[in-house]
Each structure stands twice: as structure tokens, then as C-alpha cells.
Amino acid sequence: MDIENINIKSSIGVIGGIITSSESRRGILIPTLHKMQLENGYLPEDLLRLLSKKLSIPLAEIYSVASFYKQFHFTPRGKNIVRVCTGTACHVRGSAKVVDALQNRFNVKAGETTEDLKLTLETVGCVGCCGLAPVVTVNEGVVGAVGPKKLKGLIHDIEEGDDNGKS
Amino acid sequence: MEKVNSLEAFKNLQLLLKEETFKEGVPRLRTCTGTACMATGAQSVINKVEEEAAHSGKHIDIVKTGCQGFCQQGPVMKAEPYGYYYKQVRAADAHDIVGTTFSAGFPVRNLLYRDNILSEPKEIMETLPFYKKQMRVALHNNGLIDPRNINHYIAVGGYTALVKALETMTPEQVLDEVDKANLRGRGGAGFPAGEKWKHTKKAKSKIKLVIANGDEGDPGAFMDRSIMEGDPHGLIEGMLLCAYAIDAQYGFVYVRHEYPLAVVHLKLAIKQAEEMGLLGNNILGTGFSFTLDVREGAGAFVCGESTALIASMEGERGFPRPRPPRLSDIGGGAWGYPSNLNNIETFACVPHIISRGADWFKSIGTENSPGTKVFALTGKVKNTGLVEVPMGITLREIIFEIGGGILDGKKFKAVQTGGPSGGCLPEEYLDLSVDFDSLRKVGSMMGSGGMVVMDEETCVVDVAKFFLSFTKEESCGKCPPCRIGTYQMLEILKKITSGHGEPSDLDNLEQICRKVQKGSLCGLGQSAPNPILSTLKYFREEYEEHVHDKYCRAKVCSGLGTYSIDHSECFLCGLCKQACAFGAVKETRRSFFIDQDMCTKCKSCYMACPIGAVKVGKGTAKAARK
Ligand SMILES: Cc1cc2nc3c(=O)[nH]c(=O)nc-3n(C[C@H](O)[C@H](O)[C@H](O)COP(=O)(O)O)c2cc1C
Ligand code: SF4
Ligand code: SF4
Ligand code: FES
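Residue numbers (my numbering), protein chains in the order written: chain A, 112 to 278; chain R, 817 to 1442.
Only chain R is shown next, with the shape it has when bound in the complex (with noise of 0.2 Å):
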């Protein structure tokens, strides 16, 4: 690759791209190369398509992209130019893809998205229920191009936005750009960009840098992570927006280590960049320089904190301490330098803003959270995967229109969102606008995005049980309100969710969760108590059932409930005497009971009836004897 030494040759090179590159008319495949599509096979269906189509002769251009979102129909992909969408494609159905819709431009009928097996096909990706609603920005180039072709990037009109600013703006602009656009930080509080810039702006130093938090360590979140891997460049070029604005330059993307392919990709868009020039020293030979490098984690979700990062890329344990000083401020960021962190997808927000304008970007989402936000749905709703919104969308129409609605005709129960540090939210907060401040206010939390859908079958306090055994494993053990405090929640939860709750321990758990909220350092243990506080506001009733009544309704938590056999029902295929290992499950000749003495409530026997004969009631063993 030859370096581009000025502005004109980059957009002569770029027109070149755009005439060259996805050519209007050419049968292409773009097809999903995201990590769950290629768990279920993409790469077989592309070597098979590939195969086919120089069996027959033709030319079809294979678009490995970046996730496409729809994770759970994969392998998915569109074919070009007719739109048509295909979900779950096999190597097998590689012949017809080949012969059908690239020979005779018709559908491959049985690839279709149907929403169940009666309805109508849809053709058109933009069609489909879980599409329709989404507005992609931060997403917008996932699906589109190979993210391992810096030239597909440039070819879709990337690093416009970079020598708009450089051609045409100074520094202070792209600032006031991205602060009138009131861009605010996806990475969990909603902090706004433009503050958090000039802030670190204004620091006198003359060494500054640029740090992207790609570490994602909550539990059920995805979102950075298909950023990294599916549109490395416009992280970076988001990453050299902030550089330029604030006068930094060097930068580093922190990913956690979990990410391999995040790893390879952001290094390899990097070379890329560096070696056309967009990279490195006199940018596009406008004398703007900018060098960026990737550090990985190594496992500890408290090095997404912001202080606790920087302490693990300088080569500490990931210790938060407290601020001031703040990152932006000097001795507060990487080795002292100010340095101005975000998340990934509010860095790849960035270059959308500068190229359309903060008045486009004011006119997405609510007034005080402009924009979309990515959410990983998930949980059990019919489609799941990730989905990118604009802001102030209800949870009903993410959930119920994108999500398809609850699996399995189950009722919906609560909406976890925010992860470890967000709430659950019953039934009547469906309605809600989903943006920074309304949850906040009804107790959850936007987080960084994850969105986790429980049905009746889930029990909310084994979910609050699980984000606390989360949070206690995760404390880094600085300071005793969060280490003792977690600690101490999360035994009081499962003395409830075995059966020994006492009514005490209600008000015990409130009481600590505030002292935990209050006294802890870092946001890990300030924001540890919100999922059993929600829970508790939301579902007390289920807490009080299992404490009073020894009851799961959700029949999750093993060791409540007495267990019964319905001989009604049960129609002896003996499947529950099998599961019992406890011999608990006595059989008569015309009868299978089970003997309340032995029973362990260890639910064997309840997942093992084939129909559902053995039932889990209220109340305590003593009172099923009577």
C-alpha cells in the first residue's frame, strides 16, 4: 500500500474506491463472518458457494462482514442486487443460492425469514420485523464491508468525516460538533462527550492521550465487541476525531482479553491505517499526527472502571482509587498524562456526527439522549441479537416488535437492563422511553447496553442472586463496603432461595445494600446493590413467598416448595424414580408418590416428568403430610 501524502490524493483515492468497489449491479453475497455466525458454520457455506460459482461459471462477489446482529438465525447473509435475506444457510443450500437466485434472480424460498411457519416469507432484509425498527449508526458499517479491507471502509465513504475535520475545521469545531450534537458516553453513565473533551482539552499538558474502553466485562453484552471486530475503522477514526479536537497524540485501545478476534482485527485496521498514512506522523500530510496501540486485559471486569484501567495498562493489579484527579486532569490518566477515555460505540458515533452534522444527530432519539444506542437482547425472547435503536423506543417495541415477543408463548415477567449495575423492570414499565434518564429514574440503568428478557419461568431472586455472585467474585477487594457487602448480600440471598429465609433478612438485605451503595470507592460497588433493590421494589411478593411460604413460582430455586406427584397426570413411565437420588420417589403397584421425608427438593423428578405430573407446591413438607 502506498502512503496518501495530502487531502486530495486521499479523495481522489477515494472516488477511485467508490467506482471500483461494490460495483452497482454485481451479484454479491454479504455474508455474516461474526463470531456467532461463523460458530454455526459461515465459512463451509462461503468455500461452498465460492465453489458452486465456479462450477457454473459466474462471478459472485463474497463480502465477509462484520456481525449483522441477527446472531441466532445464523449463518446470515443478503444477497445482492435483489436484497434478498437468508437466514441458517447451510453448504448444502450453497447450489440454489448459486443457481436460483444468482442465475435466475429469484428468492431461495426456504431461506427465508418467516415469523413462524405460516406467515409469509419476507425477501428484503429491511422487511423483516426484527430490521424494521432499527436505525443503524454506531452499527453502520457492521454488515456492509470486510472489516479486514481498509479499501471497503474507504469505499463506503470512511475517514470522510477525519478530512472534512482536517480540510476543513479546526480542532475547536470538531469539539463544539460533538458537544452541540450532546453525544453521551454508551459505555454505561451517559457522561456527554463534549464536556468530558473539553475537559481534557484544557489541560496543560502538552502530551496527551486518547484511550478507547473496549474491555465489555458485563455479563450479556456485545456490542463493542462487534464493533471492534466488525468495523475496527471506525473506531479509530472516531478515535483520531478526539485526537484532533483535543490535541492528543497517541492512543490505545484496552480490550478485554476475551476478544481474540477484536484483537487481531483492531491490529491489523491499524497496520492498514498506518501504512496509507491515516495513521502515524503528518496525517494525510496535513502535519496532524496520531499513533494508536492495542493492550489487552486479562480477565477482571472492575478494569472497565476508568481508574482501574489505567492502572492495568500501566502494569498494576486493576485497583480503582478514588478521583480527583480525574483522567483528564494531570497525574490523573496514563502515566500521568491527561488522557480522555470513552467507550467504543461512542467513538464510533463520532464520525457520523462530523460528516452529517450535530443537528442530524439531535434529530435521532429524545431531546436529552439524542442518538441510538446498541442493545444486546437477550433472554428469552424469539430473536435475539444485536439491535441498534434510537433512543426513546419502549422496551414493548424492543422486546415485543424487534424481539419478536416472549419464546415459546411464555408470559413476560421483567426486563433486566443495565447489567450488574442496572435493575429488573416488571410489566408496567413496558411503555417506557428507553433513554439515560428514564430508566435511571424508574431504578435500572442503560449500562453499556445489555438487555436481558426474563420470562415467568425466570425467578427474579435467583437473577438477583446471580448478578451478586457476579459482583462479589468480580470485587477487587480495596475497600470492605463492597468486598464484606457483596459478600454478605449474596449469602443472605441464598439462605433465601434454599428454603432457610427468615423474615428478618428482608430488611437486612435493604439495609445493606444502602450502606454498600454509599460507602463503596468505585462504581462497581455503588451500583452492586441496584439489582436487588429493583427486584425488591418491583417483585417484593416473591421475596416474602420464598421467605414465608418456602415457594419458588418460578419453580428455579431448588430446595423450596413441596413436591408432589399428580396421579391424575402421571401415566407411570417411572422417568421421576429415576432422577431421584435420594430415593425419595416411592412406586406402589398402580402409584409413584414421593415420600416428604427424603425428598431433598433438589428438582430432579420436577425436570425429568416428560409432562409435567409432578408439581411443586406452597408451603412446607409438614403441611403435605397432613
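Looking at chain A on its own, in the form it has when it is part of the complex (with noise of 0.2 Å):
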């Protein structure tokens, strides 16, 4: 991502026209983050460094303001994203029971990316497809209604393929 270049203003939208310049940088922060994950899947140092000279914003705020939200990462992830929701309804409908079998599955636990970056497990609280409970993601697709015979398509695909689940 090309940092030095960002354009405050026009990332900020009209908006900018009313606010000061320091609360412009401010707020395109975690808009350029999001961007700069987007791209790299994860947020690198040397960029965060990068950016924060370019947003005159310390290092150390902008890893504050990062480390608050789930969705900010700063180690590199997996090839295949999987999601396991725990939302109210997928609980209730049994995903425990999948988060289970994927972390024995693929030895590694919520949260956690496999050594070989093949996989990154995560939980999220709800994808709003509740009414297909259990429902796992799997980079950008949806899996509904996930028993034990999906369960174990999803980890034979996982294995074998490696740009799969983009269904």
C-alpha cells in the first residue's frame, strides 16, 4: 500500500470541508487499516510505522486504537479463513461441537493460524445467517446448516485445495 501518497482529504470525504486537518488524519486511521489488512491480510510493522509518520500519529496510538477492535491482525494468516460462529442461534444449534472438531482437526485452537498458514480458525459472534445455524465462513462464503457430513467436506476441501471454500 502506498502510504506516502494517501490523499487526507479525499479519504476523509466531504466531511473533511468541516473538521481540522489533525481530526481528518485521525479519523482515515482505521479506514487506511482496514486497507492495508485488505491487502496484506494482516497490518505489518514497518507500515504501521510508515503510517504513522505519515498521519503524525505515535506508533504506540496506533497500535491502541488497532488492538481494541477483533478484526485488526498483526501476524500473517492463514490461506483459508474459517469461521466458526458462536452466535446465539448457532450455539444453541450446536457450534461448539464444530469449533471442537476443527481445532482437533487441524491441531490449532480459535484464534490461531496452523504453522503451515493453511488455516486460521476463529470464532465470531454472528454472521447474521442465523436462521442456516451452525454456520461457518470460509474466506468469503457462507456454509449453512453445517453437520457432521458438511463438517467433514469443509476439512476434506481445506486440506486437498488451497484457494477453495470461495463458493
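Rather than coming from a laboratory, the hints here were simulated on the basis of the structure.
Note that CB positions come from ideal geometry on N, CA and C, so glycine has one too.
Incorrect hints may appear among the rest.
[Claimed, not checked] Stretch-level coverage of chain R by chain A, calculated; a stretch enters the list once three of its residues show a Cβ under 8 Å from a Cβ in chain A:
| hint | stretch |
| --- | --- |
| 1 | 851-859 |
| 2 | 1107-1114 |
| 3 | 1123-1130 |
| 4 | 1257-1271 |
Since each chain sits alone in its own frame, please combine them into the complex, following the hints.
This is how it looks when you write it as C-alpha cells:
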């Protein structure tokens, strides 16, 4: 990501016209972190340093903001990001078992990435598909009503392919 | 797209679009493309229908709509002009849909909804039990139009309320109408929108903001998502009306990052509205200006709280702060500008109120809670999905008529309303009228409208533990009562569910609950004890069973009870022995039995037994050995 050339004025939008330039710089912090993470998969330290210079926000403060939010990560992530929903509906319909099965199969804990970077396993609060509970998302795709059979297929796909689950 | 420069020109455009779009009698398939239906293959059905139609030389107008609500039966679609409602459609059904329905006019029978295999199929959407009692206001356009197409929205009467307001009403009149309608905030607390708007309007600042709260962090809720995805223009129009009423120039939609499709649709809708001259400077040539932007959250439930949301928008950690100043005060809103924050569903109701009038709105629902409310009905009910019902409907009607009753013929146990800030209600309240005040009176809450149904196989203590682990995880940590209290409450619940509960735990738990309620700074901490307090109130005997008898009647909590095998049922398949990782299931020549000393109560054998011959009994292992 080309941090040097971020245009703060245009990134903040019209609201930039009525707030101070330091407020604008702060205001684009979170959207910029999102972009950075989209491109790199995580937030690399060197880029955060550059960003800190560009926005004149101390690095410690950038970390303090970024670490507050669950969506930001500071270490590389797996090729497949598998998120098991543990929201109420999914919980009631047995998502804990799905988490257990994936944890055992890939030998990672929720929130971790496998050593071969094949998979990052996470839990999420609710993906808003509760009607299909229990729900698992694989990268951008949503898999609903995950029972033993679907789970098996999912595990198989992750083990075999490397750009699967994009259905 | 050309900019529309006057109200007259817009009205002409609307007439034109009304005539051209959705012509009557045209064969049309309104296919749900909401997240759930897409996940179950709606796109491949669409492709195949298009292919089949082209093949047979028939033109079928396919409208890719937002979520139609009946997610669990997806993909769902409606065939017009017949009104047939199809569910669980597969690509392989495309041939029949084109041939049988669109060529011959008959329904495809195996795609119709039935209550069960023996009952007659229902052809028409509105006659399905799931839809019969519903009334769609906020979700009015979901299922009707393609959210990516502004022309569709206009063709079904969209932006008429805006035009009416700009042409015939002063800002005060718009505000009065909303105030008179007694529209109460749909985001949880039910605060009257009119009051809030008045307050922001009064603030002496040249610049004001309108913010829509699309954070929807409640687990088990997805109504705001479906509006943002399925009817973004409805939200925009509601925000425009608010901006006009309170004289605001800028607006933001704060959307949770986990809703990428909502972000895409909102951005597209904003762009289309700008191009048409419905957003931006000098809207429809009237001199009214309003600019709208989208901000994404980053995964923190507390950011749904109003002051935390502002902090997050400004690029800070999402810490709540004490009020006053309120958001509507100078110095309280984003960047200090007075800001009016409402929930997505709240805004989505506004255009309907303006175009049909406050009296119409008040004719729906109850006296103190007029209008409708969208619920995300989930859990152990037959029909899950989004339902919009008039307030005042009973829980029983929602769960047993719309929801079709409990899954697998099990017994109803409780319904959890209001998410982490709400509570669990037992059977005796099934006839309770659902509105803001009556729910609060019995210790629950409307919240954002999550409704999770539980059957006898759900353990209420486990559910309380679930919500507490959520709130503990999400507590921002700023104030100690919440940070430490949620941790302590969770520890006690863990102790109880793992079989180590002591009698004093229940009293301690109650005490901590009261203190956290009183001492916390924001709504998260203040409401965190609700799930515990309500379950303690209505299901105390189950807590006591956990503590005194080491028994979980729902058989959910592992670590409780004594496990044994009923030899009269057991047919010696040996699965329990395989399942037990601790070697506690022993085999003799004629039977399997469980060694109480080795059993860790992990429940594996109970889960493994295909016929339920493993029994979980009350009491301790010692008692079982005797
Ligand atoms: C911890 C917490 C989380 C909240 N999350 C949301 C949310 O996700 N969406 C929402 O609309 N309101 C949420 N609220 C309520 C908002 O603070 C605010 O009251 C609401 O958005 C106002 O809109 P309304 O008056 O239209 O309901 C939350 C409140 C608290 C205390
Ligand atoms: S009550 Fe909890 S979430 Fe709210 S400010 Fe205090 S610590 Fe943060
Ligand atoms: S799994 Fe059930 S039926 Fe099979 S041996 Fe064990 S107790 Fe008997
Ligand atoms: S609770 Fe799992 S998708 Fe909502």
C-alpha cells in the first residue's frame, strides 16, 4: 500500500471540509487500517511505522487503536480463514461441536493459524445468517447448517485445495 | 444517469418508471439473493432459469431481491403474476419452473411449501403460516425490488415521501409527524425518535449530522443487515427525511465490518442517489443539501453504544463515555457537532410514516408501542428467519404460528429476547403481548429484536453462561464493575456448570449482578446481568439442581450427573466404548458398563449412543456406586 501518497482530504470525504486536519488524519486511521489489512492479510509493523509518520499519530497510539478492534491482526494469516459462528442461534444449534472438531483436526486453537499457513480458525459473534445455524464462513463464502457431513467435506476441501471455499 | 433538477421532473420520472418497471402480467421471478439464499445456491438457480428461458424463447423478468425472510427454506422465490411461492429451489428445478409455471401457468408442486408431508401444499406466499401474520413496513421492499437498482425503488414508490416532504411540508411538520407517530427507536431502548430529533434540532449549531447505527453486534440478530442489503434506498430516504427535519447537512452509516455485502450495496445506492440528484447539494433543485458516507466498524460490540460509536468514527478506541453531553448536544456528537443517532430499522420506518401519515402508523401495534418490529426468529423453532409483526402480537403467535412450533416435536422451554441485554422468559409468558414496555416489565427487553427459542434440550444456565462469556469478551474494560464483574459472574457460572457449584454461589451471583447493573458506565455493563437475573428468577430450580444434585436436566452441561448404561435398552453396539477417551466404558461378555471412577462426565458416550441407552442421572458418582 502506498502510504506516502494517501490523500487525506479525499479519503475522509466531504466531512473533511468542516473538521481540522488533525481530526481528518485520525478519521481516516481505521479505514486505512482496513485497506492495509485487505492488501496484506494483516498489519505489518513496517507499514504501521510509515503510517504513523504520514498521519503524525504516535505508533503506540496506532497500536492501541488497532488492538482494540477484533478485526485487526498483527501476524500473517492462513490461506483459508475459517470462522465458526458462535452467536446465540448457532450456539443453541451446536456450534461448539464444530469448533471442537476443527480445533482437533487441525491442531490449532480458535484464533490461531496453522504452521503451514493453511488455515486460520476463528470464532465470530454472529454472521447474520442465523436461519441457517450453525454457520461457518470460509473466506467470503457462507456455509450453513453445518452437520457432520458438511464438516467433513469442508475439512477435506481445506486439506486438499488451496483456494477452495470461495463458493 | 441524468441529474433530476426539480420535484416536477422527479415526479415525471417516477410515473415513467412505474409504468415501465414491473409491468403487470409480465412473467416475473422474484428471487431472493440475500446472504442465506446465496449460500444455498440462488445464483445457480438464476443462471439455469435464464438459460432455460432463453432456450424456450420465453422472456422472464428475474428480479434479484434482498432477503425475503424465510432464510431456512432458501433459496426462495415468487413466480408472478401467479403469486406461487417456491422454496428450496435447485438448479435442476429451472426446467419445471419455466415449463410448468411460465408456459402453462401451473405451480410446480414439489417446490411449494407444506407444513408436513401429509398436508396440502400452499401456493400463495401470503397464505403460508410463516407470512400470514406478518406485516411488512420496515421490510416492505425486501423481496420486492433489486437493491442495486434505484429505478426499482422509485418504481415501487420510493422517494415519494421525500418529495412530499420537500414539496408540501416544512421541516417542523415532518418532525411533528414522526413525533405524533410515536416512533420508538428500534435499536433497543425504545426511546421516541421524535424527542431525539427535536433535541438535536434545538442544538444551536450550524452544522449537524445524522448517523445510522448499523453496527448490529447482537449475536442472533440480522434485521439491520437485511435492510442495508435489501433496501439501502429505504434507509437513505429515512435519513434524508431526518436531515430535512432537523436541518442536518452530513450523514454517516456506521456498518459493522462483518457485513461486506451491506457495505457494497450501501455505497452503490449512495452513488446512484447522488447521480440522480437525491443526495448531495441542492437536492431535486430545492436548495436542501445532504451528503452521506459509509464508515466501517472493526469488530467491537461496544461500538454500537452511541458514545463509543462516535469515538470509533473519529478514529479512536471505541470507549463509551459518560453522558451528558448527549450526542445531540454541542460537543457531544461526532467531532463535536450535534448528531442524531438512530437505528437502521428506525430510519427505514420513517418514509412510510411520512407518506402514509402518523395516524396510519399508530393504527398498527399497541398504544405505547405503535408500528411493527422485525424479529430474527432463531433457535429450536421449525421456521427460522426474519419476521416483521405488529407490536402487541403474543410470543405464542410468533413462536407457534409463524415459527411453526418447536423443532422435532420437542417441548418449549424458554424464549430469549433482546440478546445479551435481554432475558429468558418461560412458558407462562407465552401469551405476553410483545412490546417495549411489557417485555421490560417481566425482566426482559426488546433489544434489537433477536428472539432465540429454546426447547427442553437447552440448558438455561448454559445459555446464561453463553451470554456472559460474550459480554465479558466484549466489555471494553474502561470501568471496573463491568470488567471485573462480568469476569467474576462468568467464573461462577463455569463453576456451576462444571459441577463444582456451592450453595453460596447463587447468592453471590445475584449480588454481583446488582452491583454491576448499578456501577457500570454504559449499557453493556448495565444490562450484562439480565440473562442471569432472568434465568435465576424463572428457572431457579435448574440452578439449584446444578449446584445441589450435580445434575443438568437438559443434559447440556458436561461434568454433571452420573452416567450409566441401561442394559434393557442397550443392544451392544459398542459405540460408547469407542467414544470414551478415558477408557471408562468397560465391556464384559454380556454387557457394557461405565466405571464411575474413571468417568470424567465428558458426555461422549451419551452423544455416541444411537438409541439413548446411556443415561445421565442425578447425584454424585458415590451414590451411583452404591
Ligand atoms: C453495548 C451496546 C451495544 C449497542 N449496539 C447497538 C447496535 O448494534 N445497533 C443499534 O442500533 N443500537 C445499538 N445500541 C443502542 C444505541 O446505543 C442507540 O441507543 C441506538 O442506536 C439509538 O437508535 P434508536 O433510538 O433508533 O434505537 C447499543 C447499545 C449498547 C449499550
Ligand atoms: S460498562 Fe463495560 S463496556 Fe461499558 S464502558 Fe464500562 S467497561 Fe466499557
Ligand atoms: S452405544 Fe448405546 S447401544 Fe451401543 S453399546 Fe453403548 S450403551 Fe449400548
Ligand atoms: S448466531 Fe450464527 S449466524 Fe447468527
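Numbers of unmet hints, in rising order: none
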